[in-house]
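Using the hints provided, position chain S relative to the given structure of chain L.
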Amino acid sequence: MAIIVQRPKLKWWEQLYLPALFIGMKVTLGHFIATLTGKKKVTMQYPEEKWDAHLPDHYRGAPALVTDEHGRERCVACQLCEFICPPRAITIKPEEIPSDDKWAKVEKRPRAFEIDMIRCIYCGLCEEVCPEQAIFLRKDYAITGTSRAEMVHDKERLYEIGGVRTGLVNKWNELK
Amino acid sequence: MDWHLIIAAAIKIVVFVFLVTLPLVAMSVWAERRVSAAIQDRVGPNRVGPFGLLQAVADGIKFLLKEDFTPAHVRKFYFWLAPALTMVPALLTCAVLPFGSRLFGEKMVIADLDVGPLYVFAIASLTVYGIVLAGWASNSKYPFLGGVRSTSQMISYEISLGLSIVPLVMIYGDLNLSRIVHEQAQNGWALLPLWGEGLSLKGFILAIPIFISFIIFTTSMFAETNRLPFDLPECETELVAGYHTEYSSMKFALFFLGEYAAMIIGSGLAVTLFFGGWSLPFGWLTPATLDAEVPWWHGMIHIGTFFAKVIAFILFFIVVRWTLPRFRYDQLMRLGWVFFFEIALANVVLTALLLWLL
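Line order of the protein sequences matches chains L and S.
If you number the first sequence the way my numbering does, the last residue is 176 and the count never jumps.
If you number the second sequence the way my numbering does, the last residue is 534 and the count never jumps.
Chain L on its own, in the form it takes in the complex (with noise of 0.2 Å):
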């Protein structure tokens, strides 16, 4: 069935076309004005003004590894972030703690750490899947370089971004 469709009927005025064109000048200048004013907040200087203060806790920037109050690393190289990582971002070198060293009970530790990031996701499963938490999801989101080689973040670098975190949990205090 053809359904006909009643288009409204224009005035004479209308049919003009002219006053068409002020009211929608009207609204054009209406937006041209508040832009230039400022009383339109259009858009952040990105590299100027961040939005950093706003960022929230469970902002998933960049993985980090962190150390405690004890200056103890506290990653013990169990690889479950690098089993778990869904772009194999991840790769861990273990390494055993020397027995004369004074966290020899923890037994194992990365010798290297590598996060590639180009490769990296930032979907936070190794945060949730580590027992020992030792990863984190940093704020850091701007993570650049000019080279592949520069975009994989090495012990050192990761450990930088991580930084000391205080008020975790320690399950290797008591056994020392």
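These are calculated hints, taken from the structure and not from any lab test.
Small disclaimer: the values here were computed from a predicted structure and weren't measured.
Every clue listed holds true.
Only part of the chain L face toward chain S is listed, based on derived beta-carbon distances under 7 Å:
(1) Thr28
(2) Thr35
(3) Val42
If you anchor each label on the Cβ, the simulated ranges turn out as follows:
(4) L:Ile118 x S:Pro501: 42 to 50 Å
(5) L:Tyr59 x S:Gly480: 48 to 56 Å
(6) S:Phe387 x L:Lys40: 28 to 36 Å
Using 16 Å as the maximum straight-line C-alpha spacing, the simulated EDC-like pairs for lysine to aspartate or glutamate come out as follows:
(7) L:Lys155 x L:Glu82
(8) L:Lys41 x S:Asp217
(9) L:Lys39 x S:Asp217
Cβ coordinates follow ideal geometry from the N, Cα and C atoms, glycine included.
For chain S alone, kept in the frame of chain L given last:
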């Protein structure tokens, strides 16, 4: 002709065309982007230089450094000729626009022709050749269709453009733009007859046909310069980029800048014919006769007034572009041939009747 005249003309050409109009073209591209951004609640280019004012320079350098690619299948001579043919006529029409009264005893117009508007229309028609040649020489279907379409649009609107200023010429009885402007300076602008002899019943009645002329002239100018709401030559969905699809780098930029140059000259002509050119409102600082000496600072104020009016008109062009949706092609042709052509003719008759009766 002595050396003095040649040197004066050369200085006027260099300063008016190359030091003022061409930078104005670049600035209007910047203004277009900033104004459209403000209208759409965005920021627009603001990185290069203060307020992004040097954006045009950056774009120019980019266009010059890009590969100037000529496709193998084009007709090379005409392909190279076409961009020049769109840019050059637009700049040539600068010659007759009076951009000021007098400065240091020199008339502020490059060529004080007695056929000003005719010269403008004759030269501006050449722009069509640029588009025809671009569409044809590209030897490819979308540019060809775009070229055909924009040619027929420009030719159609040239008729109403020419006819629309006939009433004005009848009222002033003169085709010399300098004298038309001086007449308006003394007796009220064509659209604002509020002083001198314009402030009379005759002046007010004659403002009616002038207003009709103005609407037809401005609308046809939009169509002639291929600006929205009549930017039919370019259409991504139907024609890709229209007649300049095959062009790249500076050749493309010439088409792009030619459009803006035509817009500036169109604004200049509209200001000259309808808004009293370089004259200030209410006859302030108007020289007594056309050949009277004016102090240099009066001359400077007149030049500034002219460009202020032109810039205001360019802003009007820009705001209209970001306000109106485009016309469909048949609507465009209908508007040109069925309405504007007839209204312009009737307007000529109306003006003749009014001039005869009053």
